[in-house]
Amino acid sequence: MRNDRDPTIAPLPATIIGLKTLSADTALFRLTLENSEGDRFDFNPGQFIQLSVPSGGEVPISLAGPPRLHNSFEVCVRRVGHVTDMLHRLLPGDRLGVRGPFGNGFPLGEWTGRNILLIAGGLGIAPLRSLLYALLMQREGFGEITLMYGAREPSAILFKEELAELSGRRDMHLFLTVDFAQEESPSGLACNTGLLPTLLRGVNFGTTNTVAAVCGPPALYRCILEELQELGIPAEHIYLSLERRMKCGVGLCCHCAVGDLFCCSDGPVFSYSQLKGISGAI
Amino acid sequence: MTRNLLKHDSVSDFLEILATFGELHGPVLTEDGVTAFRPLGPGIDLFLTYDRTLIPPKKYLLPPRDTVLTFAPDEDYRLPVAAVSETILVGLHPCDLQGIAYLDKVFMGDRIDPLYHARRTALTLIGLSCEPDENCFCGDLSAAETHGCDLFMRQLPDGFSLRDNTPKGTAILNRLTPILAEGEPPEAASRTCAMAAAIQQASARGETYGESALWDEFAGRCLSCGACSLCCPTCYCFDVREYGALDGETTMRLREWDNCLFKDHGEVAGGFNFRKSRQERFQYRYRHKYLGFGPTRGIVSCVGCGRCRVVCPVGIDLLELFKEHDDEKRP
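Protein sequence lines, in the order shown, are assigned to chains W and Y. The number in my numbering is simply the position in the first sequence, starting from 1, with 159 added. The number in my numbering is simply the position in the second sequence, starting from 1, with 100 added.
No lab work stands behind these hints: they were computed from the structure. Bear in mind the structure is a predicted one, so any value in this text is a computation, not a measurement. Glycine included, every Cβ here is placed at the ideal spot set by N, Cα and C. All the pointers check out, no bait thrown in.
Using 27 Å as the maximum straight-line C-alpha spacing, the simulated DSSO-like pairs for lysine-lysine come out as follows: (1) Lys363/Y with Lys159/Y; (2) Lys319/W with Lys179/W; (3) Lys376/Y with Lys435/W; (4) Lys205/Y with Lys159/Y; (5) Lys363/Y with Lys435/W; (6) Lys107/Y with Lys268/Y.
Computed, partial: chain W to chain Y, Cβ under 10 Å: (7) Leu171; (8) Ser211; (9) Arg254; (10) Ala378; (11) Gly410; (12) Phe421; (13) Ala440.
So that you can see chain W by itself, here it is in the shape it has in the complex:
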């Protein structure tokens, strides 16, 4: 029988130990679990937590940082509603509640030896950042690694400093694009203008033996899936991280049902072949 210290049921107390503003409405929070729980927290990239803001409520949030960080983990949160608004008013030292990690995460073990293409739209960079760091931590296990990241406008590009560092790496490719170019330059980063499908069409990279991981707003999936298949990536090698308003996180409340599947417990990462034919999935 589970008790009230089971993190799938009652949130464990956590403390904000780092806070970094990434854009006008988005910040990166570094958290640590209190007591002895912190060193037990591990997760797979693509998994999420249920984050409780005391006297606010609970929201599902993707884990955004590298796995197996010593004693801490990172979440990237946009201020879009009541709970995230309260979260954005907190400071290092303030306390939160954490349940999880939940969900399946990306199946890295099945990707050994393959080229990896990451496609992130907007806040979709959060789980893919976690995935990218996990891939780079075991770099020799994979072929080419390519990250394509699209944001609405230069000021909405998240993790600019890190992207600048990543762009200098020889063991991966980085392509950025913005929907609308303004005068502002994205911190000197080389950046295209246009949507992600256009970027995808204009770039040469290995498409054989490639798996793609996609995360972004619903509109991104609709326009990018066909492109990826035309490039020769089969549906079973295209992985999507889906968003739903998960309430319980453990497959009970039914808010996140996708066909016969639950986004919280069967996903949130699904292969496109799993989702094809499910009405309302994408």
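Following the hints, put chain Y in place on chain W, whose structure we already have.
Below, chain Y without anything else, positioned relative to chain W:
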């Protein structure tokens, strides 16, 4: 011959003995003319010839609003500690027993929900045979009768024959022996319903009737009032809400009955909705009832109680889908 016959004139003794096992609840006719499961006691008569209650017995396991966590700055998040009292629920029709058995699969399957588990363990179920009316369409009664009930009462002309199904039921039956008469060994009821069989077959085929014009017709009439899901014995989806106290610090986290026919059910952050149209929400509900989700994938969760058909203010009846399909197959 076994001592298992509860004669009509022993029913009040029966209830008295039952009440020694816990708080006694059963169907009563309220002063508003509604049949409801309520606490029984002096002046509150058990109504055993009822057709169906408005709200199903799921309310005993999943209250409409249920505190799941409390928060205080010096205590962090805690599970509620309210004691659950032993409750005897008498007079449950096989469809409602089947509804509870379905909820058991969801909340006490691979992942045990502690609140549900505590209430379920403290609940004794006493089933009652029924006479289906024109709105019922449940399946094989003999199978449904044993669905997790502790004791089953079959209606006979001179009383009820009792059958124990669990050790809890046996313990009760043993205490009842002094007031029981000798009767014939109970036989299981046998009744099959063509519509229940059609639903099972459609579910086995994964049939969604995607091309049916009835979806538009239903969606055109539906008021999204949610009554069908509120009164469904197996609808269990819930919302989670946080209610803060005036001190601005302590809060209660509640789970509350939700409804997939409500528009915000399919919403995600930023306002995008995966089930914007009423038609989509209707089909979503169909999938859940007849094809199952997650741990109940492939299990038909409709138990044929007929409540949704009775309460719909605009007369929507999903059985029309199955009937339409049957009509198509006819030459």
